[in-house]
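Protein chains in written order, with this note's numbering: chain A, 0 to 256; chain B, -13 to 99.
Rather than coming from a laboratory, the hints here were simulated on the basis of the structure.
Please note that the accuracy of each hint is not assured.
[Said to hold, decoys possible] To give a feel for the contact side, a few chain B residues facing chain A, derived at Cβ under 7 Å: (1) S16; (2) A29; (3) G36; (4) D50; (5) A51; (6) M60; (7) N68; (8) N84; (9) P87; (10) T91.
[Stated by the list, open to error] In silico lysine-lysine, DSS-like type, Cα no more than 27 Å apart, as pairs: (11) A:K185 / A:K46; (12) A:K46 / A:K63; (13) A:K208 / A:K228; (14) A:K246 / A:K208; (15) B:K72 / B:K9; (16) B:K9 / A:K46; (17) B:K86 / B:K9; (18) A:K228 / B:K86; (19) A:K1 / A:K228; (20) A:K228 / A:K246; (21) A:K1 / B:K72; (22) A:K185 / B:K9; (23) A:K1 / B:K9; (24) A:K228 / A:K185; (25) A:K208 / B:K72.
Every residue, glycine too, gets a C-beta built ideally from N, C-alpha and C.
Chain by chain, the residues:
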Amino acid sequence: MKQPYLYFGRKGYMARAALANGDYSGTAMTIANALMLPADVASGVLKPSLELTHRCVTAQASAKRSAIVVAAGPRPGTQAFSGAPTNIVAGEVSILDSATGSFIDGTNELNINVVGTDGGITPHANDFIYLEEISFAAEVLPFNATGADICLPAASFISAQPLAYTAGAGIHWDGTAQDATQLIFKPLAPETGGGVKTITMIHTANKYKEICEAMQELCNSQVTEEAIKVHHLTASGQVLHNAFSSKGIRVYGMSIV
Amino acid sequence: MITIYNAAAVINGTDDLNVYQTKDFYGMESTAAGVVTSAYLGAVNHSDAGDLIALTVVSSGTDDADRINRIAAMDAMVSKNNVVNKQGFVVAFSEIENVKPGGITGIAVTIDS
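Sequences and hints are given; from them, build the entire structure.
Put into structure tokens, the structure is as follows:
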């Protein structure tokens, strides 16, 4: 019987409550909480495939933002820095790139060095830090091993269930509200009693019904000569099937477990 | 449909030429650099494991080129699994007949025992 096959690729996304000293030791990134395992990235060389962002919730004065971060400016599309740009005003969104000295250590712990050490930012505990994988690269695991991608027959699709997404208060750094949905498929190894394959996606809020509609479209597709690329990252960025994007669904992260 | 995998030029072992029903194909995933692994219902139908077919593609070049090659291999197997040919078998890969779709250079079958 001809049927479509659906291809999914992983995309890392992590939102966390900010720590003033930026030291997340003890709270390592995992597939469950970050959808990715970035490899050891030394200070000052955060790779282009990863975007690190700070979103201010509680204003702070007195040079909490370094000159380097001020020079980088806010994320495009977010509000301008205040007239005293070394202060941080609620709603401002700062780019924290390799120049800030942010880094990921060998145990997948995110560390953001504070102002005065190497030119980063000192966030308030009410703020949020975002680490987003924006393109395919080998420094973010898994990239070619189990969990990196999967191709499944449409007949294996069992169900979709909505989940709340509360990390980062359920808000992306651009202010967009977020939810999550799990797509559940039959296992690759049912004989072993292996669990179902679960694809968890963090996406634009209030789009569960639209995701079900998109899955219905894809499962009834007439494309059978190749896998339908539902979502994956390439070296130049994210690819999301039109069945999702045309319904106003943006996918922030995806894990395959 | 019936799908054939021929891994070796000389057929004298249980993993040299294998036949599966398309409906018993569970899916594929990347498992290493230049390797996609397909999963089938085990030929021996035990309850402990299925059969796995590792599809090897050229992994030279960049990691992104490797990713593209692995997807091409998956696309090729999707196409093979959707062939309707009620008069004969569908040859997914054959070392003897040199049927090597989607840039797949070799396969290795692991049969549950």
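Cross-check of the supplied hints:
At a threshold of 7 Å, the smallest CB-CB gap from S16 (chain B) to chain A is about 5 Å, leaving the interface hint in force. For A29 (chain B), the interface hint is violated, the least distance from its beta-carbon to any beta-carbon of chain A being 11 Å, above 7 Å. Here the hint on G36 (chain B) is kept, as its CB sits about 5 Å from the closest CB of chain A, short of 7 Å. A least Cβ separation of about 4 Å between D50 (chain B) and chain A falls short of the 7 Å threshold, and the interface hint therefore holds.
Annotation: A51 (chain B) was flagged as interfacial toward chain A, and the flag is violated, the nearest CB pair being 9 Å apart, outside 7 Å. Interface restraint check for M60 (chain B): the shortest CB-CB distance to chain A comes to about 5 Å, inside 7 Å, so the restraint holds. The beta carbon of N68 (chain B) is positioned within 7 Å of a beta carbon in chain A (closest approach about 4 Å), and the interface hint is therefore held. Taken as an interface hint, N84 (chain B) does not check out: its beta carbon lies about 22 Å from the nearest beta carbon of chain A, beyond 7 Å.
Residue-level restraint check for P87 (chain B) is violated (minimum Cβ-Cβ distance to chain A is 11 Å; threshold 7 Å). Because the closest C-beta pair between T91 (chain B) and chain A is about 16 Å apart, greater than 7 Å, the hint is violated. With a C-alpha separation of about 35 Å, the suggested pair K185 (chain A) and K46 (chain A) falls outside the 27 Å cut-off, and the hint is violated. Between K46 (chain A) and K63 (chain A), the direct Cα distance comes to roughly 24 Å. Compliance with the 27 Å bound is thereby established for this hinted pair.
A threshold of 27 Å between alpha carbons decides the hint, and for K208 (chain A) with K228 (chain A) the separation of about 20 Å falls inside it, so the pair holds. Between K246 (chain A) and K208 (chain A), the direct Cα distance comes to roughly 10 Å. Compliance with the 27 Å bound is thereby established for this hinted pair. Pair hint K72 (chain B) plus K9 (chain B) holds up; C-alpha atoms about 14 Å apart against a cutoff of 27 Å. Proximity of K9 (chain B) to K46 (chain A) is assessed by CA-CA distance (about 43 Å); at most 27 Å being required, the pair is judged violated.
Taking the CA atoms of K86 (chain B) and K9 (chain B), the gap is near 22 Å; set against the 27 Å cutoff, the hint holds. Restraint check: the Cα-Cα separation between K228 (chain A) and K86 (chain B) comes to about 22 Å, which is no more than 27 Å; the hinted pair holds. Taken as a hint, the K1 (chain A) and K228 (chain A) pair is honoured in the structure, with Cα atoms around 17 Å apart against an allowance of 27 Å. A distance of roughly 17 Å separates the Cα atoms of K228 (chain A) and K246 (chain A); the hinted pair therefore holds under the 27 Å criterion.
For the proposed pair K1 (chain A) and K72 (chain B), the alpha carbon gap of about 13 Å is at most 27 Å, so the pair holds. In summary, the hint linking K185 (chain A) to K9 (chain B) is supported, as the alpha carbons are separated by about 13 Å, within the 27 Å threshold. For the suggested pair K1 (chain A) and K9 (chain B), the alpha carbons sit about 10 Å apart, so the restraint of at most 27 Å is met. At roughly 19 Å between alpha-carbon atoms, K228 (chain A) and K185 (chain A) fall within 27 Å of each other, so this suggested pair holds.
For the hint linking K208 (chain A) to K72 (chain B), the alpha-carbon distance of about 39 Å lies beyond 27 Å, and the restraint is violated.
Checked against the numbered hints given earlier, the structure breaks hints 2, 5, 8, 9, 10, 11, 16, 25 and satisfies all the rest.
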